[in-house]
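Enquirer: Heads up: the sequence shown is residues 220 to 506, going by the numbering used here.
For the record, the hints were derived by calculation from the structure and aren't laboratory data.
Values in this document were obtained by computation on a predicted structure and should not be read as measured data.
There may be inaccurate statements among the hints.
The following label-pair restraints were derived from C-beta to C-beta distances [said to hold, decoys possible]:
| id | residue 1 | residue 2 | range |
| --- | --- | --- | --- |
| 1 | Gly-395 | Glu-313 | 40 to 46 Å |
| 2 | Arg-392 | Leu-318 | 36 to 42 Å |
| 3 | Arg-392 | Val-267 | 26 to 32 Å |
| 4 | Arg-446 | Gly-358 | 19 to 25 Å |
| 5 | Val-425 | Gly-358 | 27 to 33 Å |
| 6 | Leu-438 | Pro-288 | 35 to 41 Å |
| 7 | Ser-345 | Pro-287 | 25 to 31 Å |
| 8 | Ser-344 | Lys-471 | 52 to 58 Å |
| 9 | Lys-471 | Lys-444 | 31 to 37 Å |
| 10 | Ser-345 | Arg-467 | 30 to 36 Å |
| 11 | Phe-383 | Glu-421 | 53 to 59 Å |
Ideal Cβ positions, reconstructed from N, Cα and C, are used throughout, including at glycine.
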Amino acid sequence: MNQCNSSRCCSWQMSRRAFLGGGSAAAFGLLLGARDVLGEALDEEIDVAGFRPKPTVSVMAAIMRKKPPYWLGWPGTSYDLEGHQREYSQKLAEACQRLGIELAMEEKPVENDAGLKAFVAKIKSSQPHGVVVILQHIGCWDEARAVAAAGAPTIVFAPVGTAFTGHVRDFSRQKGVHVVSSLEFPAVEFGLRMIRAKRRFEETRVLWIRQDTRDETVLERLGVKVRRLPRRSFNELFDRMTETKEVRAVAKRMRSGAKKVVEPAEKDLLNASRTYVTAKRLLKDES
Numbered sequence: 220m221n222q223c224n225s226s227r228c229c230s231w232q233m234s235r236r237a238f239l240g241g242g243s244a245a246a247f248g249l250l251l252g253a254r255d256v257l258g259e260a261l262d263e264e265i266d267v268a269g270f271r272p273k274p275t276v277s278v279m280a281a282i283m284r285k286k287p288p289y290w291l292g293w294p295g296t297s298y299d300l301e302g303h304q305r306e307y308s309q310k311l312a313e314a315c316q317r318l319g320i321e322l323a324m325e326e327k328p329v330e331n332d333a334g335l336k337a338f339v340a341k342i343k344s345s346q347p348h349g350v351v352v353i354l355q356h357i358g359c360w361d362e363a364r365a366v367a368a369a370g371a372p373t374i375v376f377a378p379v380g381t382a383f384t385g386h387v388r389d390f391s392r393q394k395g396v397h398v399v400s401s402l403e404f405p406a407v408e409f410g411l412r413m414i415r416a417k418r419r420f421e422e423t424r425v426l427w428i429r430q431d432t433r434d435e436t437v438l439e440r441l442g443v444k445v446r447r448l449p450r451r452s453f454n455e456l457f458d459r460m461t462e463t464k465e466v467r468a469v470a471k472r473m474r475s476g477a478k479k480v481v482e483p484a485e486k487d488l489l490n491a492s493r494t495y496v497t498a499k500r501l502l503k504d505e506s
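Turn these sequences into a full structure, and let the hints steer you where they fit.
Expert: Have a look at this one:
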């Protein structure tokens, strides 16, 4: 993945024997300084945080209700339609701001077929990464289904009083639909986090070092790109990687952070650190 733990990287790429086998190449590299035979700087310290995808995430949202005036009460008290509209709109805007999500909120509630058709048309043309539907009437579930049918992942927030089991039982199990039947709005933010995570997956590339083949596939549903690289691509880069300042620092952290060092010699730790730094270098080169 785009992040790597230094104590584990060597296990995915080569054996301890392979580490030690690179010693002669490392010695040659020391004579050349921090640049390899191709003239490429290998002492550049690479921050793994830079590999974290930061894609644009856009969400559309609308409040759906019947045309007022009507009375909605549950359990046993009247429901302030306009007050809750302002409250939920503000909470949604704040959640999107916290998560770095671009929000396009309909200015007016969707109250009729014309408004619904217009909103669905916007979804199809804009193709947002997700849609949030806030219900304010128990009779708006057909509208919610129409929005979900537009194709974007859909979060339906149905506060208490706008849903019964029959409304949510099948719809909530539909692919691409997340129904929140609750008064707790943070559950909507959880759904937004899922939409953001999906976008990050789509912008993530995993390197798979195996055999002598180079190709790339995309994992179904998650959208993660898996790039297969020839084994020699890692081995050759490892052979060119010298004991840089970062390599020595990583080895020092591993030793100082250990409760007890039983077997690895100093050279083993340095080679393990070279493997970690090599993996980061390869990730950057293939990004």
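Enquirer: Hint by hint, say whether it matches the structure.
Expert: Comparing the hints with the structure gives:
1. Gly-395 <-> Glu-313: 40 to 46 Å: Distance hint for Gly-395, Glu-313 is violated at roughly 25 Å.
2. Arg-392 <-> Leu-318: 36 to 42 Å: About 25 Å separates the Cβ atoms of Arg-392 and Leu-318, which means 36 to 42 Å is violated.
3. Arg-392 <-> Val-267: 26 to 32 Å: violated (38 Å)
4. Arg-446 <-> Gly-358: 19 to 25 Å: Cβ of Arg-446 to Cβ of Gly-358: about 50 Å, so the range 19 to 25 Å is violated.
5. Val-425 <-> Gly-358: 27 to 33 Å: violated (46 Å)
6. Leu-438 <-> Pro-288: 35 to 41 Å: Given range 35 to 41 Å: violated, Cβ gap about 51 Å.
7. Ser-345 <-> Pro-287: 25 to 31 Å: holds (28 Å)
8. Ser-344 <-> Lys-471: 52 to 58 Å: Given range 52 to 58 Å: holds, Cβ gap about 56 Å.
9. Lys-471 <-> Lys-444: 31 to 37 Å: holds (34 Å)
10. Ser-345 <-> Arg-467: 30 to 36 Å: Distance hint for Ser-345, Arg-467 is violated at roughly 51 Å.
11. Phe-383 <-> Glu-421: 53 to 59 Å: violated (36 Å)
Of the numbered hints listed earlier, those contradicted by the structure are 1, 2, 3, 4, 5, 6, 10, 11.
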